[in-house]
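**Q** In the order they appear, the protein sequences are chains D and C.
Here the working numbering is used: the first residue of the first sequence is 193, the next is one more, and so on.
Here the working numbering is used: the first residue of the second sequence is 193, the next is one more, and so on.
Hints are computed from structural coordinates only; laboratory data are not their basis.
Each hint should be verified, as a subset may be incorrect.
One copy or two, it doesn't matter: identical chains are merged, so the pair holds either way.
[Stated by the list, open to error] Computed cross-link-like contacts, DSSO-like style, restricted to lysine-lysine with a CA-CA straight-line distance of at most 27 angstroms: (1) 373 x 299; (2) 393 x 250; (3) 373 x 329; (4) 373 x 270; (5) 202 x 373; (6) 373 x 254; (7) 254 x 277; (8) 270 x 375; (9) 373 x 393; (10) 211 x 375; (11) 393 x 375; (12) 270 x 202; (13) 375 x 277; (14) 250 x 373; (15) 224 x 375; (16) 299 x 202; (17) 250 x 406; (18) 254 x 386.
Chain by chain, the residues:
There are 2 protein chains.
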Amino acid sequence: MDKVRIIEVKESIFADNNKEADRLRAELKEEKTFLLNLMSSPGSGKTTVLMRTIEALKEQLKIGVMEADIDSAVDAEKIATTGVKSIQLHTGGMCHLDAAMTEQGLKELGTRDLDLVVLENVGNLVCPAEFDTGAVKNAMILSVPEGHDKPLKYPLIFTVCDVLIINKIDVLPYFDFDLDKVKEYAHRRNPNLKIFPVSAKTGEGMEAWTQWLKEQVNAWNQTV
Amino acid sequence: MDKVRIIEVKESIFADNNKEADRLRAELKEEKTFLLNLMSSPGSGKTTVLMRTIEALKEQLKIGVMEADIDSAVDAEKIATTGVKSIQLHTGGMCHLDAAMTEQGLKELGTRDLDLVVLENVGNLVCPAEFDTGAVKNAMILSVPEGHDKPLKYPLIFTVCDVLIINKIDVLPYFDFDLDKVKEYAHRRNPNLKIFPVSAKTGEGMEAWTQWLKEQVNAWNQTV
Chain D
193 MDKVRIIEVK
203 ESIFADNNKE
213 ADRLRAELKE
223 EKTFLLNLMS
233 SPGSGKTTVL
243 MRTIEALKEQ
253 LKIGVMEADI
263 DSAVDAEKIA
273 TTGVKSIQLH
283 TGGMCHLDAA
293 MTEQGLKELG
303 TRDLDLVVLE
313 NVGNLVCPAE
323 FDTGAVKNAM
333 ILSVPEGHDK
343 PLKYPLIFTV
353 CDVLIINKID
363 VLPYFDFDLD
373 KVKEYAHRRN
383 PNLKIFPVSA
393 KTGEGMEAWT
403 QWLKEQVNAW
413 NQTV
Chain C
193 MDKVRIIEVK
203 ESIFADNNKE
213 ADRLRAELKE
223 EKTFLLNLMS
233 SPGSGKTTVL
243 MRTIEALKEQ
253 LKIGVMEADI
263 DSAVDAEKIA
273 TTGVKSIQLH
283 TGGMCHLDAA
293 MTEQGLKELG
303 TRDLDLVVLE
313 NVGNLVCPAE
323 FDTGAVKNAM
333 ILSVPEGHDK
343 PLKYPLIFTV
353 CDVLIINKID
363 VLPYFDFDLD
373 KVKEYAHRRN
383 PNLKIFPVSA
393 KTGEGMEAWT
403 QWLKEQVNAW
413 NQTV
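Model the full structure from these sequences, guided by the hints.
**A** See the structure below:
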């Protein structure tokens with residue numbers, strides 16, 4: 193395995209992040225590259241969901257991954273074992289990525305030959321939700337051990353996401369987690385939120401999610 | 193049950209948060225009130241640990257609780273069932289509390305008759321670690337489902353905390369979580385970190401933690 197490349201990304205000098213994000217999205221459209229922004233708490237299983245997603249789609253789509261963390265390269269090293277192009281972004285202590293930071297990462301990754309780039313954002317339910325990264329779609333993962341009350345306590349992230357993946361459903365018997373309640377609370381925040389209950393560990397439910405993602409990528413890249 | 197009071201706290205107008213935090217700590221010392229800042233990811237079980245802690249100590253110490261969240265009052269409502277004084281702080285979208293926000297909360301709570309106040313900070317491993325709240329001690333909770341690699345990825349919070357509570361050890365058999373590794377990684381960040389593995393659900397390990405906390409409170413308040 194090659195050593196993972198670590199890129200230090202710097203906060204934007206641009207006052208208007210939304211404008212930068214729109215510009216980046218337009219460039220990605222031009223290049224036929226779909227950018228997915230994946231957000232969650234620390235430890236919800238982002239990297240495991242992503243590895244399963246890559247396994248399911250890597251024969252059909254050319255995939256790249258940017259792992260954002262404050263420190264370490266453990267996630268990018270795991271992703272590299274799947275054979276897809278991956279880099280580690282370090283945020284210098286920052287709790288989120290903005291569009292300019294994302295763009296620095298995309299330049300280092302090289303997107304011209306990629307259909308799908310996944311940005312694994314810093315593990316945090318608050319700050320990443322406040323910044324448009326330039327992604328085409330925003331997805332978040334909530335895991336069963338975190339509890340079903342999270343849409344009540346972290347409203348913004350549920351509002352800005354297109355997709356909610358509920359991970360670790362294999363441990364539902366051991367936790368007081370109400371799947372109906374979390375759906376109800378999440379849809380109160382965002383009636384259009386697509387919800388996929390999955391277990392990245394056992395593979396349960398993963399097909400519905402990867403199928404949806406593939407359709408979104410193909411629609412954006414106009415390859416079908 | 194009385195309706196829980198919700199306080200909107202505003203970000204500090206003071207440039208030097210550390211100075212404000214030191215001033216607040218000195219006032220608390222004067223009043224013989226110990227402030228504990230409790231931090232963690234969303235869903236690590238902060239509120240459940242806190243409820244168990246209150247049950248263990250409420251006959252010996254006069255306790256107050258400030259629950260900080262971006263939205264909702266679900267945690268303060270739970271805490272109120274234990275019979276201790278509790279208020280809900282709303283941060284207006286902010287991902288952390290600084291010393292001035294903490295002080296606003298303490299004033300609303302009223303600390304003169306309290307031995308121990310627990311601030312349950314916003315669920316986040318990044319931002320709360322950057323701001324001294326004026327607390328006497330900082331504690332964090334990491335739960336088993338989050339994984340043992342967190343000290344590698346979120347270095348600052350492990351560095352600034354005095355205590356690491358490892359919660360949900362009752363589900364260790366269902367997760368790939370290495371207790372020895374997490375201790376090793378955490379002590380790399382902070383050799384003085386006290387570590388208490390517990391299950392707030394079953395009560396396992398809670399006595400060592402509550403005993404330690406009681407000793408700290410009594411030492412600060414010089415009541416023994």
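**Q** Could you run down the list of hints and mark each one as holding or not?
**A** Hints versus structure:
Taking the closest pair of Cα atoms, residue 373 and residue 299 never come within 27 angstroms of each other, the shortest separation being 41 angstroms inside a single copy and 35 angstroms across copies. Taking identical chains as interchangeable, the C-alpha atoms of residue 393 and residue 250 lie at most 27 angstroms apart only when both belong to the same chain, with a minimum of 18 angstroms there against 41 angstroms between chains. Taking identical chains as interchangeable, the C-alpha atoms of residue 373 and residue 329 lie at most 27 angstroms apart only when both belong to the same chain, with a minimum of 24 angstroms there against 36 angstroms between chains. Taking identical chains as interchangeable, the C-alpha atoms of residue 373 and residue 270 lie at most 27 angstroms apart only when they sit on different chains, with a minimum of 18 angstroms there against 33 angstroms within one chain.
Within a single copy, residue 202 and residue 373 get their C-alpha atoms no closer than 39 angstroms, and across copies no closer than 31 angstroms, so neither meets the 27 angstroms cut-off. In this homomeric assembly, residue 373 and residue 254 never come within 27 angstroms of each other (Cα to Cα): the closest approach is 37 angstroms inside a single copy and 35 angstroms across copies. Taking the shortest alpha-carbon separations for residue 254 and residue 277, only the intra-copy value of 9 angstroms comes in at or below 27 angstroms, while the best inter-copy value is 56 angstroms. Within a single copy, residue 270 and residue 375 get their C-alpha atoms only as close as 31 angstroms, which misses the 27 angstroms cut-off; across copies the closest is 22 angstroms, which meets it.
Proximity of residue 373 and residue 393 under a CA criterion of 27 angstroms is satisfied in both settings, with 23 angstroms inside one chain copy and 21 angstroms between copies. In the homo-oligomer, the alpha carbons of residue 211 and residue 375 never lie at most 27 angstroms apart, since the shortest distance is 32 angstroms inside one protomer and 44 angstroms across protomers. Both within a single protomer and between protomers do residue 393 and residue 375 lie at most 27 angstroms apart by alpha-carbon distance, with minima of 22 angstroms and 25 angstroms respectively. Taking CA atoms no more than 27 angstroms apart as the test, residue 270 paired with residue 202 passes inside one copy only; the shortest distance there is 24 angstroms, against 41 angstroms between copies.
Within a single copy, residue 375 and residue 277 get their C-alpha atoms no closer than 34 angstroms, and across copies no closer than 32 angstroms, so neither meets the 27 angstroms cut-off. In this homomeric assembly, residue 250 and residue 373 never come within 27 angstroms of each other (Cα to Cα): the closest approach is 34 angstroms inside a single copy and 32 angstroms across copies. Proximity of residue 224 to residue 375 under the C-alpha cut-off of 27 angstroms is found in neither arrangement, the shortest distances being 33 angstroms within a copy and 45 angstroms between copies. For the identical chains of this complex, residue 299 and residue 202 are intra-copy neighbours only, at 13 angstroms inside a copy versus 39 angstroms across copies, given an alpha-carbon limit of 27 angstroms.
In this assembly of identical chains, residue 250 and residue 406 lie within 27 angstroms of each other by CA distance solely inside one copy; the values are 10 angstroms within and 55 angstroms between copies. When the C-alpha separation of residue 254 and residue 386 is checked against a cutoff of 27 angstroms, the pair qualifies only within one copy, where the shortest distance is 24 angstroms, while the shortest distance between copies is 46 angstroms.
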